[in-house]
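Here is what each chain is made of, one letter per residue.
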Amino acid sequence: MANETQLTLPLCPPTPASFEQFISDEANSATVRSLRHFLTAPNETLFFIAGEEGSGKTHLLTAACAEIERLGARGAYAPLAEAMRLSPELLSDWEQYDLVCLDDLHAIAGRNDWEETIFHLFNRARDTGHRLLISATRLPALIDIELPDLRSRLQWGTSFRLRMPDDALKRLILQNHAHQRGMHLNDQLTDYLLRHHDRNLSRLMYLLERLDKVSLARQRRLTLPFVRSVIADMASERQG
Amino acid sequence: MDIWNQCQEFLEGELSAQQFNTWIRPLQAISEPHRIRLLAPNSFVLDWVRAYYLELIETFLAHNVADQQLSVVLEIGSRPSKPGTRGDTTSASKSNAREPRPARTPETTREALQSNINASFTFDTFIEGKSNQLARAASLQIGQNPGKVYNPLFIYGGVGLGKTHLMHAVGNTILLNNPSARVVYLHSEGFVAQMVKALQHNTIEDFKRKYRTVNALLIDDIQFFAGKERSQEEFFHTFNALFESEQQIILTSDRFPKEVPGLEERLKSRFGWGLTVSIDPPDLETRVAILHSKAAQLFSIELPNEVAFFIGKRVRSNIRELEGALRRVMANAQFTGKPITLDFARTALKDLLAAQDKMVTIVNIQKTVAEYFKIRTSDLTSAKRSRTIARPRQIAMTLAKELTNHSLPEIGNAFGGRDHTTVLYANRKIAELRESDTRIEEDYTNLLRILSS
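Residue numbers (numbering that gives the first Met the number 0), protein chains in the order written: chain A, 0 to 239; chain B, 0 to 452.
Please keep in mind that the hints were generated in silico from the structure rather than gathered at the bench. It is possible that part of the hints are untrue.
Some chain B residues close to chain A (C-beta under 7 angstroms, calculated; not the full set) [as the list claims (entries may be wrong)]:
#1 Thr-21
#2 Ser-77
#3 Val-158
#4 Gly-323
#5 Arg-327
#6 Ala-332
#7 Phe-334
#8 Lys-337
#9 Glu-409
These stretches of chain B come out as covered by chain A in the derived footprint (C-beta under 8 angstroms, 3 or more residues) [said to hold, decoys possible]:
#10 31 to 44
#11 308 to 321
#12 341 to 354
Only part of the chain B face toward chain A is listed, based on derived beta-carbon distances under 8 angstroms [what the hints assert, rightly or not]:
#13 Val-259
#14 Gly-261
#15 Ser-299
Each residue gets a CB set at the ideal place from its N, CA and C atoms; glycine is no exception.
With these hints in hand, go ahead and build the complete structure from the sequences.
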């Protein structure tokens, strides 16, 4: 235990996510409405969200977790891409939660111990009337889950695929996110980030978080040279 | 706001959303004089919190609470969950969760076990078809006469075909006829987990007594007993006690009893003492009937027939996937406000069906059929016309038509450039042989099961 790496989760949303903060197009809005309905509708066990990295899966899962608590029930969340380095014992007795959120399920595909644990968790949650909210990069039929019992259960619930935001929406999301952190991200800087840094929203969010910390520490405003220097620092850290 | 809420708010700001949701949110706090008890769901979370977050929690409390003697105690357990019914999330009130509940023990799970028959799984909601006729008929008889007609009843078949539904339906019928009957349903893993806990808590005698005195014991997915020798030993004695006292036993598995790997021979032979029935993947008509029934039952709507046929034709493997497809169409319709038409269903299921299509390919069918009949894949595409090759080829072509969306010319082409009329002929021939030759029927359904699971 002491030797295991602590979950560092570099791509996490830096502020607690809520559904209201999820900026989306019409199709993704239907997913959010359906998900919110799932949290309170009777006789529901599973909601599955598929979407590429940066499409907003983690945001929705953590928002659901927070919402279920606001409703007076209990939620828990496991980022499987990180947690798979630990033991599936992490999920032992999790069926006691009204909502269990499992993020990045594809990460444990082919890992027998994790697959079996999640299969049993599914059965127990269903038997106790509790819910599972699961995300992965692809729809259940396309994830290489080896345990047929789990594979078929994953295809049982309501599933939605999140669309990747287009550039206009990404711009809005970035600026809104920066605003929440008390930063002003003007159009020129936003364009620069989208054109020169990375088009992946998760990594852009991480960059924003970093910009926030560094600008606070150095008491600097967001300017193009400053942004460039932070990006250069991050690139050299990665190489180092 | 109480001190734990304040502490959570502080931690929410300090940790990433994932860290907070994974490790802190699951904790439940109970305030007592001079101490806060934090309940973790399991030892893994407890150890983790102790190693990485306890110091942070203690530091916050030291700076924000006047009581200098305040200590933090970490324990495994949980406060009672909501008292509401299934799905009634909003009724869950924290004010109902006052007293701590210890970690689960066989004692505390006993009460839950007695009422764990799912009331919605009845014979009324079970759609009968050719693929499940025998299993349903046997279950109906057992429901009316538990312990007397077939004991044990062993139901086997692929995933998501309704084995669990039938078990519960029997349980519901027994309870309807005799509300005081002790009917226990559990997954084999639940049996193992409870036995392990009974051993840990030194309550194994209670555990034995509990299961050996029920009126009906329904154990799901017994293949998960594989390799668990101590559990198999205990289950063996439970089985004998129930069998001798004429109490009903129903078991399910993904395969025929003798073929379940990792099970003791004496168990396998006992499992065959009563009646063994299979459930196969439903045919198109049954799939359509299931869709109509689920739409009415789950969503209170009448599904347009053309939509039911469209989904039924495209989703063939099992009932869970059928329900998943239906849920997707319903959710899309509900949250976009559009009517459910054939075009709407087609659009709503587009990526899901594309995903399904990738699962069964002609190449995969050829490989599976060749392995099954112990011939080479190249034989299937060759010009050879001997019966040992031609029959498997016809079966493979029929499966390709049933399980993929390729056109007849495409299928013919994939089988060594044959004409589409050859595929058509193969389909007719196999349909005919399935009626007249039980061996062909068995081979075909076996292959269908292998390819659909």
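Open item on the list: Run through the hints listed earlier and report the numbers of any the structure violates, in increasing order.
Closed with: 6, 8, 9, 13, 14, 15
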